[in-house]
Structure formats: structure tokens, C-alpha cells
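Asker: Keeping their order, the protein sequence lines are chains L and U. Numbering-wise, this note's numbering comes out as the position in the first sequence, counting from 1, plus 16. Numbering-wise, this note's numbering comes out as the position in the second sequence, counting from 1, plus 16.
If you're looking for bench data, these hints aren't it; they were derived computationally from the structure. Incorrect hints may appear among the rest.
[What the hints assert, rightly or not] Quick list of in silico lysine-lysine cross-link-like pairs, DSSO-like style, CA-CA up to 30 Å:
{"#": "1", "chain 1": "U", "residue 1": "Lys70", "chain 2": "L", "residue 2": "Lys359"}
{"#": "2", "chain 1": "U", "residue 1": "Lys437", "chain 2": "U", "residue 2": "Lys465"}
{"#": "3", "chain 1": "L", "residue 1": "Lys70", "chain 2": "U", "residue 2": "Lys331"}
{"#": "4", "chain 1": "L", "residue 1": "Lys77", "chain 2": "U", "residue 2": "Lys465"}
{"#": "5", "chain 1": "L", "residue 1": "Lys315", "chain 2": "L", "residue 2": "Lys256"}
{"#": "6", "chain 1": "U", "residue 1": "Lys437", "chain 2": "U", "residue 2": "Lys340"}
{"#": "7", "chain 1": "L", "residue 1": "Lys412", "chain 2": "L", "residue 2": "Lys436"}
{"#": "8", "chain 1": "L", "residue 1": "Lys195", "chain 2": "U", "residue 2": "Lys340"}
{"#": "9", "chain 1": "L", "residue 1": "Lys359", "chain 2": "U", "residue 2": "Lys140"}
Number of protein chains: 2
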Amino acid sequence: MRPLMAKLITPRSEDYSRWYTDVVLQAQLADYSPVRGCMVIRPLGMALWENMQKALDRMFKETGHENAYFPLFIPESFLHKEKEHVEGFAPECAVVTHGGGQKLEEPLVVRPTSETIIYSMYAKWIQSYRDLPVLINQWANVVRWEMRTRLFLRTMEFLWQEGHTAHATNAEAEEEAIKMMNVYDAFARDYMAVHCLKGLKSDAEKFAGAVRTYCIEALMQDNKALQAGTSHNLGQNFAKAFEVRYQTEAGGLEFVWNTSWGVSTRLIGALVMCHSDDQGLVLPPRLAPTQVVVVPIYKENERETVVAAMNDIIKTLSPVVRIKGDARDGMRPGFKFNEWEMKGVPLRLEVGPRDLAAGQVTLARRVARDGVPAKQTMPIASLGAALPPLLEEIQKDLYDASSRRLKDNIRPVESYDEFKKVLEEEGGFLEAHWCGTAACEARVKEETKATIRCIPMGSSPASGKCMVCGELSPKRVYFARAY
Amino acid sequence: MRPLMAKLITPRSEDYSRWYTDVVLQAQLADYSPVRGCMVIRPLGMALWENMQKALDRMFKETGHENAYFPLFIPESFLHKEKEHVEGFAPECAVVTHGGGQKLEEPLVVRPTSETIIYSMYAKWIQSYRDLPVLINQWANVVRWEMRTRLFLRTMEFLWQEGHTAHATNAEAEEEAIKMMNVYDAFARDYMAVHCLKGLKSDAEKFAGAVRTYCIEALMQDNKALQAGTSHNLGQNFAKAFEVRYQTEAGGLEFVWNTSWGVSTRLIGALVMCHSDDQGLVLPPRLAPTQVVVVPIYKENERETVVAAMNDIIKTLSPVVRIKGDARDGMRPGFKFNEWEMKGVPLRLEVGPRDLAAGQVTLARRVARDGVPAKQTMPIASLGAALPPLLEEIQKDLYDASSRRLKDNIRPVESYDEFKKVLEEEGGFLEAHWCGTAACEARVKEETKATIRCIPMGSSPASGKCMVCGELSPKRVYFARAY
Chain L
17 MRPLMAKLIT
27 PRSEDYSRWY
37 TDVVLQAQLA
47 DYSPVRGCMV
57 IRPLGMALWE
67 NMQKALDRMF
77 KETGHENAYF
87 PLFIPESFLH
97 KEKEHVEGFA
107 PECAVVTHGG
117 GQKLEEPLVV
127 RPTSETIIYS
137 MYAKWIQSYR
147 DLPVLINQWA
157 NVVRWEMRTR
167 LFLRTMEFLW
177 QEGHTAHATN
187 AEAEEEAIKM
197 MNVYDAFARD
207 YMAVHCLKGL
217 KSDAEKFAGA
227 VRTYCIEALM
237 QDNKALQAGT
247 SHNLGQNFAK
257 AFEVRYQTEA
267 GGLEFVWNTS
277 WGVSTRLIGA
287 LVMCHSDDQG
297 LVLPPRLAPT
307 QVVVVPIYKE
317 NERETVVAAM
327 NDIIKTLSPV
337 VRIKGDARDG
347 MRPGFKFNEW
357 EMKGVPLRLE
367 VGPRDLAAGQ
377 VTLARRVARD
387 GVPAKQTMPI
397 ASLGAALPPL
407 LEEIQKDLYD
417 ASSRRLKDNI
427 RPVESYDEFK
437 KVLEEEGGFL
447 EAHWCGTAAC
457 EARVKEETKA
467 TIRCIPMGSS
477 PASGKCMVCG
487 ELSPKRVYFA
497 RAY
Chain U
17 MRPLMAKLIT
27 PRSEDYSRWY
37 TDVVLQAQLA
47 DYSPVRGCMV
57 IRPLGMALWE
67 NMQKALDRMF
77 KETGHENAYF
87 PLFIPESFLH
97 KEKEHVEGFA
107 PECAVVTHGG
117 GQKLEEPLVV
127 RPTSETIIYS
137 MYAKWIQSYR
147 DLPVLINQWA
157 NVVRWEMRTR
167 LFLRTMEFLW
177 QEGHTAHATN
187 AEAEEEAIKM
197 MNVYDAFARD
207 YMAVHCLKGL
217 KSDAEKFAGA
227 VRTYCIEALM
237 QDNKALQAGT
247 SHNLGQNFAK
257 AFEVRYQTEA
267 GGLEFVWNTS
277 WGVSTRLIGA
287 LVMCHSDDQG
297 LVLPPRLAPT
307 QVVVVPIYKE
317 NERETVVAAM
327 NDIIKTLSPV
337 VRIKGDARDG
347 MRPGFKFNEW
357 EMKGVPLRLE
367 VGPRDLAAGQ
377 VTLARRVARD
387 GVPAKQTMPI
397 ASLGAALPPL
407 LEEIQKDLYD
417 ASSRRLKDNI
427 RPVESYDEFK
437 KVLEEEGGFL
447 EAHWCGTAAC
457 EARVKEETKA
467 TIRCIPMGSS
477 PASGKCMVCG
487 ELSPKRVYFA
497 RAY
């Protein structure tokens with residue numbers, strides 16, 4: 017016999033932070049590695065990331081982007097060519113000083129992000145307006161030296177994608193930056209079942225080297241925000257630093273306009289924090305590596321018949337759902353139920369001799385639904401037609417719950433005192449007036465640890481007064497404490 | 017007007033090595049980067065790698081493997097735990113000595129391969145025989161400090177996959193190592209259209225830390241060999257170094273048996289060197305990112321009609337072939353023909369008003385076939401049925417040519433004098449008797465630059481005498497000069 021499920025999961029109500037770590041470790045999404053701050057992504061976590069990649073990659077290709085791959089190493093001098101960029105990233109860099117047994121003449125930085133190395137290539141590839149736009153994405157690992165790390169949410173090395181585009185005009189770059197924010201928002205909505213806020217970052221929170229940063233922000237179950245994706249209009253900052261110029265149709269010579277945008281394995285952390293519960297992982301069916309698990313239930317002499325029936329069911333359903341069976345011997349069914357619940361499989365089929373004799377199976381949902389019994393029987397013959405829409409219903413339920421939680425936790429506040437009180441007692445996104453100055457923003461951050469998560473897009477009907485200084489505020493912005 | 021195709025491709029007969037580089041650069045598979053020894057994989061090269069990945073990943077999953085991801089960095093001390101391993105890899109390492117602005121207590125090596133970091137995790141994950149086998153693969157970048165680099169074939173950083181498995185018995189590990197060699201061989205045959213030799217490496221040529229290394233070896237057009245994939249039986253070397261033990265069913269404690277196996281972006285170099293010609297890239301249809309390109313031919317006033325007809329054809333054929341159109345303005349059709357030939361697209365459809373009026377298009381093959389005219393007309397209505405089998409025929413033709421070249425260039429030699437003469441005059445794989453000692457192997461390498469590429473599997477009917485020392489040789493082995 018295997019040991020029982022090693023540890024229990026700390027309940028959210030007791031310690032949200034420990035609950036998160038317990039879920040990630042117990043569901044075997046990831047593990048700590050012997051390298052400080054670096055994690056190992058285990059097969060379940062990797063399968064989840066691959067499903068995310070597939071969906072995102074398709075969305076990128078549908079919007080005209082191609083993949084390429086640029087070097088892991090960046091000459092240290094490149095980082096210094098864009099002033100704000102180096103200030104933002106130099107303190108976080110891992111630096112290679114030796115190679116092949118020799119000290120290097122110039123140290124190499126392990127990419128924390130690839131603007132510099134990529135735009136140095138664009139300078140070579142782009143000559144004429146006919147070469148534009150360049151719409152390239154890269155799937156890669158990056159390294160940012162972090163002191164306080166956390167599985168998926170903040171690790172020294174992480175996997176991500178970074179889009180890097182070059183355009184003939186500012187308007188086109190702006191359109192691209194907003195388009196990719198919307199792609200991320202659609203991905204979060206349609207695949208992750210997470211309803212995000214979207215908008216513009218304040219200058220203090222924008223990407224180092226960007227003119228404007230757009231973002232999507234998700235709300236976790238502890239009412240803290242998590243930045244889930246960013247898209248930057250880089251203007252001509254990097255084009256000027258790396259001399260990326262093109263000949264216009266009229267014959268002039270202009271700098272290109274760049275954007276960059278990225279999401280990372282951090283999204284897995286967001287997914288866990290958004291949907292999971294005290295039993296473990298909850299996965300939206302569209303991303304779940306296994307959507308349906310079949311557990312056979314039998315006495316020893318029934319094993320052969322029941323497992324054969326299970327395999328028939330799996331074979332029949334494989335074309336319509338991602339399904340697998342768990343015929344491991346020497347384990348009680350209850351143990352298996354717990355394990356698959358822990359691992360977030362949306363649906364479980366229990367196959368036993370009595371049900372089989374009646375041509376049916378027992379169906380259990382990972383997440384209970386109001387008005388639906390915890391377990392139902394279902395004729396085997398109707399599974400093929402019933403399961404796909406049921407999975408879609410579960411997907412929608414998860415999104416609806418996320419959306420409801422977001423809406424319930426957006427809280428307009430009218431004064432700084434109210435802000436502090438609501439932040440402390442309830443959290444969530446606080447909708448408050450802000451004058452637009454870095455001083456008021458910094459004061460709020462220092463005094464409350466809340467930051468401006470995003471400034472909503474478009475013009476607002478309601479101007480007001482900054483909750484901190486009382487000066488004119490063009491619109492409300494969203495504050496929150498964030499991961 | 018665009019400038020004409022910038023440079024011509026150096027013919028193979030003039031300078032094979034320059035021809036290779038010209039093809040890679042001109043087809044825009046890859047480019048040099050500002051980081052010495054690192055290349056940039058451009059969109060066409062990346063799309064090709066992604067197609068290779070897809071096919072390999074499916075083959076790995078069909079043989080029971082899952083993907084995971086392990087850290088980029090390896091503590092330097094880990095490398096030292098396996099004696100042969102560190103001797104093989106330490107001289108090639110890139111070393112991170114600083115992070116986050118601080119000097120590190122222990123330097124971190126950028127992974128040249130991941131045995132050490134992965135087996136340190138297996139030590140944590142594997143407790144019992146029930147946890148075995150562990151069958152994990154990783155897609156990743158690795159870094160090996162190379163002084164003389166070459167696009168795809170030998171670069172400081174490259175992309176690859178590395179499988180790492182743990183088994184309860186030596187027999188299972190041996191079976192796995194051979195199975196994966198055969199998976200690589202099948203991939204080379206069925207996707208790359210490359211006929212490889214397969215077999216065992218000599219001790220001098222095996223992986224640093226392995227008990228036995230199996231490999232597939234391909235023959236390039238200049239009659240030099242290229243190692244295309246390797247699969248290692250690691251025995252218990254790493255299990256002992258990292259204390260990876262499991263409790264047996266009987267209750268004892270044993271070290272596990274490991275294998276590792278990998279192929280890399282080097283395969284793209286092999287593909288180029290094997291099939292391409294003086295016009296540029298030739299791609300096997302199963303891997304070609306674009307299988308069919310459609311070039312419209314029109315006078316200005318016909319543009320709209322012809323491009324609309326082209327788009328209809330593309331729409332109809334998209335479900336059955338990977339197809340794209342090239343309606344760029346301001347370029348002559350001949351220029352486009354050259355460009356797509358350079359980029360290796362297997363089939364071209366030319367769509368002009370006269371053909372359209374007759375309900376047909378003109379079809380041109382990238383690679384001429386004996387007895388088939390260079391261009392043929394084909395009714396539009398029959399394209400959907402005709403193109404997929406035609407692409408398969410082209411795939412088979414490429415494999416047959418590769419197979420013929422391999423067979424024509426395996427040369428049995430009976431003496432060391434004959435060996436040197438044949439090696440110099442003809443090259444290819446030289447089948448010669450070898451006594452099995454490192455001394456004779458080293459002498460051949462030093463005197464002729466030829467190495468033992470592989471020792472054929474199984475027992476051989478014909479023993480003989482070592483061509484160097486005259487001692488007994490159990491069987492002939494394959495020597496060649498290699499990339």
C-alpha cells in the first residue's frame with residue numbers, strides 16, 4: 017500500500033499563502049529546486065502550460081505574428097543603451113562572467129527580457145517601409161534575480177512569451193499594444209475563466225523603457241490583485257537606442273515604433289489562486305490536461321471485466337474529451353478520488369459492476385453546482401453527447417464565479433480615510449480619484465502598500481478630486497494590494 | 017522595386033561549407049547575432065523547428081513520456097558529482113558568478129545538459145518501485161561554450177529536447193535507450209526523409225557519464241557524417257552520484273537505472289545539408305511550414321480578378337495542405353519564384369488569367385523528377401485530391417534519394433592503406449574491421465580525422481582483423497569524417 021496522501025492542504029481561511037503553496041506542491045504542479053529561487057515545473061504544471069501556450073500561440077498567429085528565437089545572452093553594454101530600461105533591469109540580472117574556462121572580455125547578462133537583443137537584430141533586418149510591420153513572438157525562459165520568490169508567481173527563472181513588433185507609425189504601434197492587451201484579456205476570459213480588469217499602468221508602474229504599458233489585472237480569492245499580462249507601447253525609445261530606421265515610401269529615413277508584450281508561467285499561479293479550493297486544484301476544462309478521469313471500482317474477481325469496460329468507455333470518449341483511466345492496483349477508490357480532486361480534474365466517472373450491469377456510470381463533478389446532486393448516474397451510451405457540453409457548462413460556471421467575485425469586490429471610495437478602512441477590512445479593487453501625480457501615488461503605496469493596478473481606458477463621465485491631495489482628478493483609477 | 021535577391025548562393029561544387037551558410041542565411045532560417053557563437057532562429061527556421069517538435073513530441077508521448085521543466089542553472093558542485101560527466105562538460109560551461117548585483121557564494125553553471133539537476137529531483141520524487149519508471153522529457157535551451165561555431169550545427173546556445181528516465185532494472189533502461197534511438201531513426205526517416213545509420217558509440221565517443229551511447233548518423237552531400245541524435249544508457253552512474261534509490265517490491269533498497277536522450281536544432285542543419293541544392297533550401301513536405309505557395313500573375317488591370325481567384329484556391333485547399341499566397345505588389349513573378357525556391361517550398365502554383373479562363377493552374381515542383389516536365393497544368397477542381405498524394409510522393413522521393421546516397425557511400429575497406437585512400441578520394445562511411453581498443457581508434461582519428469561513427473547493433477557473421485593492428489576484430493564498424 018502507498019502511504020496516504022502525504023499532507024493535508026491548509027484551508028484558505030487559516031492561511032491563504034500556505035494554502036496556495038500546499039495546492040501547488042500537493043497537486044504536483046511544481047516543486048522547489050536545489051537552485052535558490054528556481055522551481056521545477058512538474059508534468060501536470062507543464063501540461064497545463066502547454067495547453068495555455070497552444071491557445072495563446074493560435075491567437076498570436078491569428079493576429080499575424082510569427083515565432084522566432086533570440087539568444088539567451090545579452091552583452092551587458094546593450095542593456096545600457098536605453099536609460100530607463102537599464103535602471104529597471106540591471107539590479108535583477110544574472111551575469112555570466114566566465115565561459116569555456118576563460119574570463120569574458122564583456123560580461124553577458126542572462127536575458128531578463130529581450131528588447132535590446134531583438135531590436136539590435138531588427139536594425140539589421142528592417143530597411144524599408146516594405147519590411148514593416150515586423151510581428152514576431154518568442155517563447156523562452158528569462159531570469160530575474162528575485163530575493164523573495166514564490167512558486168509560479170515570482171521565480172528567478174520563468175517561462176514566458178514576449179512579442180516584439182516594429183511599425184511605421186505611432187498609431188499602428190498603439191493599436192498593436194492595445195490589441196495584444198485585448199488578446200490577453202480574451203485568453204483569460206475564454207480559457208482561464210478569469211474575468212480581468214484592463215487598462216493603462218501609471219508611469220510609476222509601467223515597464224522600464226515603455227511610453228505606455230497596458231495590462232490585465234486579475235483578482236485572487238484573498239482579494240489581492242495579480243498582474244496577469246502586460247503590453248507596452250515602446251514608442252521610439254528602443255528604435256533610437258538601437259538605430260532601427262526605415263526608408264519611408266516618400267524616401268525619408270525614420271525610426272520605427274515598437275511594442276512588446278508578454279505573459280508567463282505566472283498565469284498558472286493566477287489560475288490556482290483564482291479557482292482552487294481547500295480540496296486542491298480546480299482547473300477550467302478548456303485548459304485541464306485531463307478533463308475526465310475514470311476510476312474503476314471492483315472486488316478482486318471483478319477486476320478484469322470492470323477494467324475492460326473502463327477501457328471501452330475511454331476508447332469511445334477519447335475523440336471528444338481528454339480522458340484517462342486510473343486502474344492502479346492496491347489503492348482504494350476513495351484515495352484515487354482524493355488524488356484526482358487534488359489535481360483538479362473537472363469530471364470523474366466511477367465504473368462499478370452494478371452500474372455497468374445497468375449500462376450506466378456514476379458521474380461526479382470536481383466543483384459542486386447549486387441544485388445538482390454531488391453524484392449522478394448517466395447511461396454510458398449518452399456520455400459522448402453529454403460530456404462536452406457539461407465541460408463547457410463547468411467552464412462557464414467558473415468564469416461566472418470569477419466575474420461575480422470581481423464585480424462584488426470593486427469598491428468605489430470617496431476619501432483617503434475610507435480608502436484605508438476599506439482596503440484593510442475588505443480589500444479588492446478600490447475605485448478612487450487620483451490627481452495623476454507620482455507624489456500622491458507614492459504616498460498611497462508607502463502608507464498602505466496598495467498600488468494603482470490600472471487606469472481604465474477611454475474618457476470618464478465623472479471627474480472628481482484626488483483622494484489624497486484634493487486636486488482635480490480626471491477619472492477614478494483602480495488601486496489594490498497586489499502579488 | 018525591391019533590390020534583387022541580395023547575394024547568390026555559392027554552388028556546392030565550389031565550396032560546400034560556404035554553400036551551407038549561404039543557404040541558411042539567404043533562406044532566412046537563421047542569422048548571426050551580436051553575441052559570439054549564438055545565432056538567431058528566424059521565423060522560417062523556427063516554424064521548421066516547431067514542426068519537428070510537434071512530430072517528436074507526439075512520438076515521445078506515444079511511448080509514454082511526459083514533459084516537465086527544470087532550472088536553467090545548475091550549482092557548480094552538482095557537475096562534480098559524476099566524475100566523467102564533469103570532465104566532459106566543465107570546459108564547455110558558461111558560468112554565472114553574479115546575481116542581483118552580488119557575487120554568488122557558489123557559481124551557477126548554465127546547463128550544458130541536465131542530468132545532474134534532474135537526477136537530484138528524482139532522488140526526491142522516487143521512493144518505491146511503484147514510482148518507476150519515471151519517463152520525463154524536457155524541451156529547453158542549453159549552452160556549451162564552443163570556439164568554432166556554425167549556424168545550427170554547432171552553436172553556443174541551442175534548442176533541444178532531453179529525455180531523462182529512471183527504471184527499476186538495467187534491462188528496462190537498456191530497452192528504453194534502444195527504443196529512443198529507434199524513435200529518432202523513425203523520425204529522421206518519416207519526417208526528415210533522411211536515411212540514417214544507427215548503432216553504438218565507441219567508448220571514446222560516448223556521452224560523458226554514460227555506460228553506452230546509441231546514435232543515429234546521417235550522411236551529408238559532401239560525404240561527411242553528422243551525428244543526428246543520441247540515446248544513452250547511464251547505468252547507475254548518476255543514481256549513485258545523486259543517491260536516487262527505490263524500495264523494491266521485496267523490500268530492499270536499490271539504485272535506479274537511468275537513460276537520457278536528445279536531439280537538437282542541429283537537425284535543421286542536417287536537413288539543409290542533406291536535401292538542399294544550389295537554388296537554396298529543399299524541405300520535405302511533412303516538415304515544410306509552407307507546402308504550397310501560390311503566385312498570381314497579372315497585368316495591372318487583371319489584379320483584382322486574379323488575386324480573388326488565388327484566394328479562392330487557397331481557401332479551398334487550406335484544409336488539406338499548408339498553403340499561402342504571395343500577392344505582393346511591385347515584384348516580378350520570377351523574383352517571387354526564386355524567393356520561394358530559395359525558401360524550399362515543395363510546390364508552386366502559378367495563377368494567371370489565361371489558365372484561370374481554362375479552369376486550371378500551372379504547377380511547378382521545387383525538385384525536378386525524372387520523366388516529369390518542370391511545369392504542368394492542372395485543373396483547379398482536381399487540386400484538392402491531387403496535391404496531398406503529390407506531396408507524399410515528393411517526401412518519398414527525397415527519402416529514396418537520401419537512402420540511395422547512403423547506400424552508395426558505404427564502402428567496405430580491407431586495409432588501413434585502402435582506408436586512407438578511400439577516405440581521401442571518396443569519403444562516406446567506411447566499413448572497416450577494428451579490434452575494439454582505444455589506441456587504434458585514437459591513431460585513426462589523429463592520422464586521418466576520421467572517427468568511429470557507430471558500431472552496428474547485433475552480432476555479425478564476419479569477424480576479421482583490425483585494419484590498424486591486425487588483432488582480432490569481432491565485426492566491422494563505420495568510420496567517417498564528421499561535422
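Asker: Indicate, hint by hint, whether the structure satisfies it.
Answerer: Hint-by-hint comparison with the structure:
Our distance criterion of 30 Å between C-alpha atoms is met by lysine 70/U and lysine 359/L, whose separation comes to about 26 Å. Distance hint between lysine 437/U and lysine 465/U is fulfilled; the C-alpha atoms sit about 13 Å from each other, no more than 30 Å. The suggested pairing of lysine 70/L with lysine 331/U holds, with an alpha-carbon distance near 23 Å, which does not exceed 30 Å. With a CA separation close to 46 Å, the supplied pair lysine 77/L and lysine 465/U exceeds the 30 Å bound.
Only pairs whose Cα atoms come within 30 Å are accepted, and lysine 315/L paired with lysine 256/L is rejected, the gap being roughly 73 Å. Of the supplied pair hints, the one linking lysine 437/U and lysine 340/U is violated, its CA atoms being roughly 49 Å apart against a limit of 30 Å. Distance hint between lysine 412/L and lysine 436/L is unfulfilled; the C-alpha atoms sit about 34 Å from each other, more than 30 Å. A distance of roughly 24 Å separates the Cα atoms of lysine 195/L and lysine 340/U; the hinted pair therefore holds under the 30 Å criterion.
Of the pairs offered as hints, the one joining lysine 359/L and lysine 140/U holds, with about 20 Å between alpha carbons and a cut-off of 30 Å not exceeded.
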